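Visitor: The primary structure of each chain is shown beneath.
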Amino acid sequence: MFAIIGGTWMEILRKRVLLVTVLLSLVTLGLFFAFVHLQQSAGNGSNALGAYANSTLAVVVGLYLTHLTVAFLSIFSAAGAISSEIESGLLLAILPRPIPRWQVYLGKWVGYVVWSLLYSAILYWTVIAIVHLQLTYPLHWAELIRAFGMFELIPLVLVSVTMAGSLYLPSLGNGIAMTLLFMVGVMGGFLGRLTLNPTSGDNKVVLISNLIIPTDAAYHRMVFALMGGSIMPQTPALGPFSAQGIVPSMRLIAYTGLYILAFVALGIFFFSHKDV
Amino acid sequence: MTAVVETKSLTKDFGDGLGCHDISLTVKQGEIFGLLGPNGAGKSTLVKTLVGLLQKTSGEAHILGLPAGSLEARRMIGYLPELFRYQDWLTAREVLRLHARLSQVPTQGREARITSVLTQVGLSRRADERVRHFSKGMQQKLGLACALVSDPPVLFLDEPVSALDPGARHDVRQLLLRLRDEGKTVFLNTHLLEDVEVICNSVAFLADGSIHANGSVKDILRPMTSWDVLVGGWLVDSLAEIKAASGLALEVVTVAEDGTARLRLSAEHRDEVGWLNHNLDRLGYFIYEVCPVHNRLESWFLEQSERVQEPSNLDEVREE
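Sequences listed follow chains V and U, in order.
First residue of the first sequence: 4, per the working numbering; consecutive thereafter.
First residue of the second sequence: 14, per the working numbering; consecutive thereafter.
Isolated chain V, as found in the complex (with noise of 0.2 Å):
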């Protein structure tokens, strides 16, 4: 299984997907960069108070870019993992080599999860350390560490789900597949907050679109996390951004777990049986 593992990063080295991820996001961090400083020389907050939301502001919004930025690095590198490597007749001489298919899928999955959690690991550190050094803010590392916690699981969400789509569907038709069913998470959640009566916390529009792709809650349950795992009054400046009135329970965080396993479950029963 490590030669698959190796294979696969050495596809994303050599291919320059890393040269072109690292090149855009460089981009994205750099306008960010820009953003925050505009935010810092403005001067708004004059008081603790005021500076504390304006800086939670700023990573709220850094996060919520860099999250769609590290969703579509996930579907996209993982979007013909197996499809392509079928059409293209790679896998063909694979297949017959002494090693079981679960491993072969086993394999990929992980070299293309520990891609996408490194590169979401360096795009969060990043977006906080810019935050926390142009606007000073405060590095709690409980909250951090439990939020970077959340932010990890959507790459491991989209991969699962992608990988498994690769098996029946084409690498332009999987990334397309892939990038609505993120969007109906995203949209769920943004819709079901904006039309939330804020004390209400059960609104079916959110709950529905994170049962089908539980992405969404992993961002606002992130969010939580970041605000200490308590709703701030300012927090409804952040509008569908924030978790206010809808925080995602554990219950549905383990949910999220459980779809993890059971895509990955599923993709390497349907790989064994798979006639390429």
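There could be a bad hint or two in this list.
Capping the alpha-carbon separation at 27 Å, the derived lysine-lysine pairs in DSS-like fashion look like this [said to hold, decoys possible]:
id	chain 1	residue 1	chain 2	residue 2
1	V	LYS18	U	LYS41
2	U	LYS21	V	LYS277
3	U	LYS41	U	LYS21
4	U	LYS21	U	LYS231
5	U	LYS231	U	LYS41
Hints are computed from structural coordinates only; laboratory data are not their basis.
Remember, predicted model here, so these are calculated numbers, not experimental data.
Since chain V is already given, all that's left is putting chain U on it; use the hints.
Guide: Leaving out everything else, chain U in the frame of chain V:
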């Protein structure tokens, strides 16, 4: 000799009537076996089922007594797919290293083995170049090296020389013959009948997913009881004249404008050839050439094809 590949009523049905059906065959150790058949006959389906890429619908298939497609059976085989591509972001040596690791070639001696197979297929000088710079023929050689890297006792080669130039094809043929001499078994799927004639011990003809004929190449190519005679000085009534003089069963195959004719003599014994020559000489004809007629694999292939294939079905046959 031990049966290396053995199938009994092996069937792979795709649900639309296509695939291969009720295949029973045996390939013995040290043989080069040629699987022949028209496009869409089910040859690649059969090979893919034997190497574990497709799951059989029914029947039995064994490689060296192990269930085909099982991990144990896959340890015994090397496979070159028909439609292949190798990781073009790797060098040839790196591709082989990956395949050697996947095949559990022991670390000790792995690099030496890789160098050895690169030399065998003629890629040693390009070993450290990225595969993306390789021509189709070079990639085919690399595919052959991948199939050989674990030194397996059984090789499944699906169109192994289709992209090679004549020199490289000759080299591959020699390599396969060497492997046969070392006791390896080769299961060859190819359209190149001249290669099959030269290197295969036995063949089977597959059409519409079923085996319609099989046998040893030696038997198929055995001399027929016919002789071709090229004569000069041919005239319109020459055939009647020679038949009357010799009393032999003769027919004209071709007549050329320069007055030469190719005659075919059906003869049970060589004496009859001598008797024909005597009469031709006596009647004043020139004898340019006398040779026994051999069956060719191509004519055997066409004969089998005509038996099983109707022209109206050609367009419906699935492309492999």
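Visitor: If you draw a straight line from the CA of LYS21 of chain U to the CA of LYS277 of chain V, is it 27 Å or shorter?
Guide: Holds: LYS21 of chain U and LYS277 of chain V sit about 23 Å apart, inside 27 Å.
Visitor: For the pair we were handed, LYS21 of chain U and LYS231 of chain U, check the Cα-Cα distance against 27 Å.
Guide: OK: LYS21 of chain U and LYS231 of chain U at ~25 Å, within 27 Å.
Visitor: Within 27 Å, alpha carbon to alpha carbon, are LYS18 of chain V and LYS41 of chain U?
Guide: 44 Å, violated
Visitor: Take a quick look at whether LYS41 of chain U and LYS21 of chain U sit within 27 Å of each other, Cα to Cα.
Guide: Roughly 15 Å separates the two Cα atoms, so the pair holds.
Visitor: Does LYS41 of chain U lie within 27 Å of LYS231 of chain U when you go C-alpha to C-alpha?
Guide: 16 Å, holds
Of the numbered hints stated above, the single one contradicted by the structure is hint 1.
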